[in-house]
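**Q** Each chain is listed here by its residues.
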Amino acid sequence: MLDHELINRTLGTALRTGGEFAEVFVEDKRSSSAMLDDGRVEELTSGRDRGAGIRVVVGETTGFAHTADLTEAGLANAAEAAAAAARGGGGGVREVSVTRVDGPRPTPARIPPEDVAKATKVELLSLADAAARAQGSAITQVSARYGDSRRRILVANSDGLLAEDDQVRTLFSVSCVATGDTGLQTGRESTGRTVGFELFDEADVEEMARTAAGRAITKLSARPAPSGAMPVVVGPGGGGVLFHEACGHGLEADLVAKSASVFAGRVGEEVATPLITLIDDGTMAGEWGHFTIDDEGRPAARNVLIQDGVLTDYMWDHLRARKEGRPSSGNGRRQSYQHLPMVRMTNTYISNGSDEPADIISGTESGVYVAELGGGQVNTATGDFVFGMTEAYLIENGEITEPIREGNLIGNGPEVLTRIDALGNDFAMGSPGTCGKDGQGVPVGDGTPTLRVTSLTIGGTAA
Amino acid sequence: MAELIDIANRVAGWALEGEAVEAFVVHQRETEIRAYEGDVESLTSAESQGIGVRVVAHGRQGYAYAGTLDQRALEETLREARDNATFAEPDEFNGLAEPDGVEPADLDLFDASMADFPTDEKVALAIELERLTRAADSRISGIESAEYVDSRYESAVATSTGISSLTRETGCYLSAYSLAEADGETQTGFGFSIGRGPGMLDPAKAAADAAERATRLLGAVKPETGRVTVVLDPWVTAQLLGIIGHTLTGDAVQRGRSLFADRVGEQVAVADLVLVDDATDPAAFTASMVDGEGLATRSTSLIDGGVLQGFLHNSYSARRGGTRSTGSAVRGGFKGAPGVGAQALTLRPGTRSQAELIAGIDDGLLVQGVAGLHSGVNPVSGDFSTGAEGLRIRNGELAEPVRELTIASTIQRLLLDIEGIGADLEWLPMSAAGVSVVVADVTMSGA
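As you go down the protein sequences, you meet chains Z and E in turn. Numbered by the working numbering, the letters in the first sequence go through residues 388 to 850 in order. Numbered by the working numbering, the letters in the second sequence go through residues 217 to 663 in order.
FYI, nobody ran anything at the bench for these hints, they're computed from the structure. Source: prediction; values computed, not measured. Among the hints, erroneous ones may be present.
[As the list claims (entries may be wrong)] From chain E, some residues computed to sit far from chain Z (all C-beta separations above 10 Å): (1) Glu314; (2) Gly378; (3) Glu385; (4) Glu428; (5) Asp640.
[Said to hold, decoys possible] Here are some, though not all, of the chain Z residues that point toward chain E, as calculated from beta-carbon distances under 8 Å: (6) Asp424; (7) Asp436; (8) Arg437; (9) Thr449; (10) Gln528; (11) Gly615; (12) Ala616; (13) Ala647; (14) Gly794; (15) Gly847.
For each residue, glycine too, the CB sits at the ideal point set by N, CA and C.
From just these sequences and the hints, can you work out the full model?
**A** If you want it as structure tokens, here you go:
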């Protein structure tokens with residue numbers, strides 16, 4: 388993407404004010420999307436973003452600048468700006484020579500999205516619209532979105548590292564509105580993978596549309612969600628976000644370093660029931676949070692964070708790992724070349740247990756079954772987290788009965804981890820997500836088998 | 217670099233016979249400084265630009281963007297938008313805004329001193345903010361972040377239908393997230409100060425707020441489940457208004473996604489409630505002279521005397537609804553076509569202070585902060601459930617702090633259950649103003 392000599396000169400400029408570490412991150416990202424709403428393919432959008440972010444580290448200070456100008460002059464200006472931002476004591480000239488790392492090679496997309504005719508992409512939207520509306524006249528509105536992106540990155544730093552990746556992602560989602568006597572309800576289904584257009588070899592957009600429509604229609608007869616603390620059974624796949632919020636963020640080393648995490652200083656301790664093994668794994672080919680190298684050039688890795696209930700490690704980026712004198716865990720990510728990297732999750736999941744899912748439900752006298760979760764949020768310092776239930780049912784006398792309306796669940800991460808008393812053998816990955824942190828969004832995956840939390844607070848309105 | 221307006225006009229001028237072209241061009245400079253333990257943790261100096269082009273031809277719309285303004289990219293982007301349009305289905309209401317004779321309000325949104333404010337002084341402000349926050353209370357145990365951020369933003373919209381408008385604005389803020397600790401328990405709080413220029417920033421206020429919000433939650437317990445009267449802090453009200461704003465757009469109504477569709481002229485809120493969206497209010501931090509399509513912003517009455525007055529419109533939803541744009545086209549940057557949205561929502565304030573509102577409540581909850589609004593509130597169905605923290609109200613006074621609870625109702629009920637609005641109107645860094653609001657009969661879920 389950039390000439391090696393130009394990279395070397397740019398890193399040299401970046402180090403001129405005494406920087407201890409310098410890095411050039413080059414990104415060239417093309418995106419395209421198509422949107423159907425209100426029965427019509429409304430619009431296609433496509434675009435390109437290309438530029439470089441340069442960071443210089445001196446002591447505890449990081450200087451950062453970015454530019455869309457990838458000429459020698461543009462890169463030199465950005466390097467000088469980053470260097471000025473991180474002024475060191477020293478100065479002088481430091482030669483840098485980057486060498487290509489024989490790291491893992493990116494898996495090429497089998498069908499690159501740019502090779503697919505726009506008309507073919509648009510056709511998927513109309514199929515989904517028709518399939519959703521065929522579910523009944525209660526479906527009064529349908530929107531569907533197709534999106535793809537190809538993100539090529541190059542990372543080079545003053546340690547001599549040079550690495551590249553080529554990340555292709557494809558996404559499809561359907562949202563429906565159902566109208567009934569009780570008002571409007573919504574249902575959504577989405578799939579997204581780090582693959583090309585071959586996504587649709589497996590993903591059946593009509594089936595997705597029927598699922599989304601079914602969720603909206605089911606909720607028309609939903610009762611208000613109960614309120615108060617009760618047992619909650621979380622279904623396979625869609626429940627993974629629970630752990631993303633309950634403990635994933637709290638295991639990010641940047642938050643741990645500032646004591647802004649309830650899990651700070653607890654490595655080696657039993658933080659969860661022995662049923663729980665939590666893994667963050669950027670190597671899971673095809674998954675939404677997958678990549679070959681992270682945005683600091685480090686190969687993706689499989690990191691066990693909690694093993695049989697015991698906290699084994701945090702997630703690390705270059706800066707935090709360097710300070711501790713250990714390698715990064717491949718969790719340094721950024722939204723774009725305009726952002727500084729920080730510690731981020733990739734694909735975070737709870738590995739399989741041995742219980743039969745049906746036994747978990749029948750063994751629950753009364754409570755709530757959550758089939759699908761929406762977004763969540765956590766305060767890592769207190770451990771308190773919330774997430775939305777987008778498809779949930781009452782459990783009465785050991786059986787899943789009536790659907791309940793949307794609401795939030797609230798819990799405390801460290802407490803919830805110790806209250807999981809059943810773990811199923813039906814592991815599945817959930818829907819593709821965008822994780823937000825400090826204003827930066829990155830694609831993440833999560834997954835879990837069916838599990839039961841003995842007590843979580845359901846935020847409904849019914850007594 | 218060429219003037220933005222010239223670039224926008226040039227691209228719009230490339231429109232072919234039978235098509236309409238809109239060019240939206242932005243240029244932004246930003247500085248972000250984070251302080252930690254008395255030193256600079258990171259300093260980002262950023263300059264970014266981009267163009268978004270919308271083409272409407274034969275009722276079909278296409279959009280394309282590029283993160284650069286070089287000549288070749290401008291031409292390519294237009295070509296791509298034109299090509300994209302051929303794959304969309306036609307809609308008779310598609311089109312661009314046209315000049316409507318409304319003069320933009322004369323607002324001073326650009327503080328020229330920002331350009332000359334030295335980086336060293338920005339650094340000093342961030343470090344001072346961190347120091348003041350740590351010093352504000354002996355129970356402050358750490359800082360999650362303390363930062364100074366400023367931006368100089370310029371954008372131009374030009375169309376082949378006669379729109380040509382330029383916006384320039386500056387803004388800056390200080391924000392601090394603090395950690396407070398007592399008896400092994402940690403709580404967090406935030407504080408901020410915002411202004412058009414650095415002269416308006418008040419690090420002491422930001423630090424004091426961050427410290428107080430964290431320390432007053434120390435010792436918080438999980439409350440019993442029940443129904444209570446809640447007082448929403450201005451910060452919480454503003455976030456809630458932002459969500460209600462989504463339901464009051466012509467777009468949501470026309471697409472069958474608004475719980476307020478078909479309700480114009482009906483009583484949707486308590487009798488004395490007045491809700492206005494007014495981006496011409498210079499006190500609003502989101503004030504602007506023109507909207508995302510280059511039309512003058514204006515004041516739009518949404519609810520008056522509790523009665524629904526109408527909806528917000530951009531040029532598309534106005535055409536489709538047989539009405540005029542309310543100057544409510546909003547953009548989330550240059551990477552997408554404009555939608556419709558509120559820009560500066562405000563409730564008409566009452567006459568009582570928050571303390572006076574609290575004094576009238578026997579059994580209640582002051583909601584200091586909410587979490588998960590984006591996942592817990594469904595603006596289509598109106599279902600409302602959010603994580604919350606705050607202080608219990610007993611016999612007219614603030615009592616013990618509470619955490620790990622949710623409050624729930626529906627948007628429909630909530631507007632009818634309002635029992636009081638405070639005098640403490642405050643513009644916040646979002647598209648709505650905050651004010652204390654009392655709501656009766658809200659479900660509080662806890663233990």
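**Q** All hints, please: hold or fail.
**A** Do the hints match the structure? See the list:
no., hint, verdict
1, Glu314, "holds (20 Å)"
2, Gly378, "holds (23 Å)"
3, Glu385, "holds (19 Å)"
4, Glu428, "holds (16 Å)"
5, Asp640, "holds (25 Å)"
6, Asp424, "holds (6 Å)"
7, Asp436, "holds (4 Å)"
8, Arg437, "holds (6 Å)"
9, Thr449, "holds (4 Å)"
10, Gln528, "holds (4 Å)"
11, Gly615, "holds (4 Å)"
12, Ala616, "holds (6 Å)"
13, Ala647, "holds (4 Å)"
14, Gly794, "holds (4 Å)"
15, Gly847, "holds (6 Å)"
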